[in-house]
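Chemist: Produce the entire structure from the sequences given, and follow the hints as far as they go.
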Amino acid sequence: MVGLLRRVAAAAALAVPVAPGCAQITDSAHVATVSGSVRAQALALVTRVDPAMSARAFTEGYLAQPIIMAHGSAFRGALAAVLSLDFEGLTLDRGQLTPGAYGEGYADRRHPHTYLHEALIVGRGAFYRTGVSLAIGKGFVPFGTDDPMTRPFAAYPVNHHLAQILERYVAIGALRYGRLVVEGALFNGDEPASPGAPPDADRVGDSWAARVTARAFYQLELQASYAFVTSPEIADGAGLDQRKWSTAVRLDRPLSRVRSGLLEWARTDALLGDLRTNSFTSVLGELTLAVRSISVSGRYENTTRPEEQRLLDPFRTSRSPTDLGIIGITRWQVGSVAASMQRQLGRVDVAPFAEVSFSHPSAELTPTAFVPRDIYGSSSIWSISLGARLGVGPHHTRMGRYGAGMPNVTPRVPHATH
Amino acid sequence: MPRFVRLVVRSTSIVIAAGALAACDSDSTNAPAPFTGPALASLGRGNMNTRFMAEVWTRGDVAYTSTWGQRGQAVGNAVHIWRIGGAQPVLVDSLIVENATTLGDIQVSDDGRLLVVATERQNGSIVIYDLANPLKPTRITRYLTPNTTNGVHTAEVARVNGTLYAFLSIDPPTARLVIVDLSDPANPRETLVRPMGAPFVHDVFVRDGLLFTALWNDGLTIWDVGGGGKGGTVANPVQIGNVRTATFSSQVSGSEAHNIWWFHDAAGGANAKRYAFVGEEGPASSQTSSSGDIHVVDVSDMANPREVAFFHVDGAGTHNFSMDEQRGILYAAYYNGGVRALDVRGDLSGCTAAQKSADGRCDLQKMGREMAAGLQGGQRVYIWGVHFDGSYVYASDMLNGLWKLAATDR
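In order, the protein sequence lines correspond to chains F and R.
Residue numbers for the first sequence follow the working numbering, so the first one is 124 and each next one is one higher.
Residue numbers for the second sequence follow the working numbering, so the first one is 206 and each next one is one higher.
Rather than coming from a laboratory, the hints here were simulated on the basis of the structure.
The structure presented is a predicted model; accordingly, all values stated were derived computationally and were not measured.
Keep in mind that a hint or two might mislead.
Part of the chain F face toward chain R, derived, beta carbon under 10 Å [unchecked claim]:
| no. | residue |
| --- | --- |
| 1 | A178 |
| 2 | A393 |
| 3 | T400 |
| 4 | R433 |
| 5 | L435 |
| 6 | R442 |
| 7 | I452 |
For every residue, glycine included, the Cβ atom is placed at its ideal position computed from N, Cα and C.
Modeler: Here is the structure:
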């Protein structure tokens, strides 16, 4: 009995990040009682995109990703709670200029996320050598790679809607045996309609996902996942469905010179019944190196996205499409370099950064109603962002993984992120 | 370090191999099936390369075309006016609708006095013009209300018991039909607002006091609005019947009912008012591919309409219709498949076993009902609409402009 409790407590320790001043989390059977932690963070930045639209350069400033994250546990970790409140609906209603970004009614601007980003209850335990958990609430679906918010770039990649599924009512069952994690989930397929709009509770269970994650040596992690999403874009369920695949290798060695890396491939098929109407793919690689006290990151992605009619605001598309068509497919090749340096100012961690991207959009299907060169005024788009990430409280790693779905966590060195 | 490198290489290989495995199910080409019979001869084209052309309507020697979406820096906020007396349509003027990005439907009233233009997406409305001078329309009013502002997808202008109405299909999220009384065009009066469609109401057809609505996955619904003997009025339509039409592929569910034409054969006979044609708008990628069949619905029993036949083109899908009812010919815009002309006179539900599909419907193509096709095999086209004016067929090509085609005869 004591052994079981020890395993439960150890598992709970892996389910929640460290509290301020607590010991680090490891994958050992180290028993720690963790009561919880809170972190608040935001990204203040100025971005210039040239050209952003119609041969015009845009320069804008934002408070992006303002979020409060809270984790807590009780009963020695057998019961945990995750809460993330995202305030982009207040600070980023126009969207963040991001060439190639799309989804939820935005195009070439990254959309704001919902106020209630995550709110889950996680129950977990252990059965012999297998960790088990059940997470229920609103949050990330076990599909694809880590949320871009926790990765080393201010600009989200184009493939966000190919490589992650989030902000859904979800029930996730997870098993962890040694280095292997298996997760399965039921959720609602509809994408958020607005920052304040809840998912459609009537659609819970119309979509599902499964993910297998294996931890290898040298902090290498492999994942493969599949999801079937019912009518994500038409809320009443009559739109095209999606069949999604993702596979990735992730490297996380925050104490070494090569701090982190990611190589992912993702694909989404749009389906009408069993008929595939279109297919969208992405290959993305990221690498972060430590150069003295500076983190230098590079990213390249090659992603195709659907094009839809723009509204009077050329960065917006209709949330209520009137048919099952698209007006084109654009291939986005984007290379980015970012550098940041973290400093602690009292209780506040500050990471000034600079980020430069070059994007090359090209029509994947021709003829097309969306000719990138004509729409943007060029097929070469430069972006530069300057700013700082600000945060208070301990870093929360692996956003979007819950309970036994959290692979063994590498010790997080302070200032290791962007 | 070598071990680390080996692990990275091995892991990368797994990712790439998994990706390649999942990607091997590649898309096939989607070229429309060519028609090898008679051609609808192309007489001329009025070029439009600065905006995407949408719908076309003609009256006399004048054609009006609308515009759609964004082409380069130009948005679909223009109405183009064409002289069509010669072989080649000639652009003579244009109208700009402010704060609009897509003008969908365009139609002249049956008395030739009004031009009605729908504006879609934000600021959905209809714009009403006076056609006292057909080449110089003058705006009477723009009708924009909270019930239209989400976008007017189509606007059908029709007369019911002597009164002229516009039937507006409003975009979701709350798809609805709005009917507007145009007796006083300067002061349109809202007569009906009724949510319908799953999830869209796309278009309607009005004739003899009957309203036919294309309700996407809810198929075709027939309403009495004053001529059906069920007590219905324009202000209170009474449903008579419904049919959920089939789809172009057995892999697909839903009806995708998009547009309708209730055929009145001028030759008369037992089948004169028996058929309604329903256009199906399947998935498409403008301006590369399209899908969707023409569905033939027997409406001889309006309370129990049933689909009896269909017409399918491999690699292309239908859009809007126009008819030569004197000759019993249906002209259908077929996007990347050009224009198709079908002989729809007579019994369309009587066919041999070899001419039937697995579900028992007659296949008009196997029945040899395709009479002619236009805009085949040459430059790429993407035909939005057709309009038969009694002598010629005008086709609005989103990519290239306004085509004038010779009509076919029996």
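Chemist: Next, verify each hint and record whether it holds.
Modeler: Quick rundown of the hints versus the structure:
Annotation: interface hint on A178(F) holds; nearest CB of chain R at approximately 8 Å, less than 10 Å. Among the interface hints, the one on A393(F) holds; its C-beta lies about 8 Å from the nearest C-beta in chain R, closer than the 10 Å criterion. Satisfaction of the interface hint for T400(F) is found here, the shortest Cβ-Cβ separation to chain R being roughly 4 Å, below the 10 Å cut-off. Taken as an interface hint, R433(F) checks out: its beta carbon lies about 6 Å from the nearest beta carbon of chain R, inside 10 Å.
Restraint check, L435(F) versus chain R: the minimum CB separation of about 5 Å is within 10 Å; hint holds. The beta carbon of R442(F) comes within 7 Å of a beta carbon in chain R, closer than 10 Å, and the hint placing it at the interface holds. Restraint check, I452(F) versus chain R: the minimum CB separation of about 7 Å is within 10 Å; hint holds.
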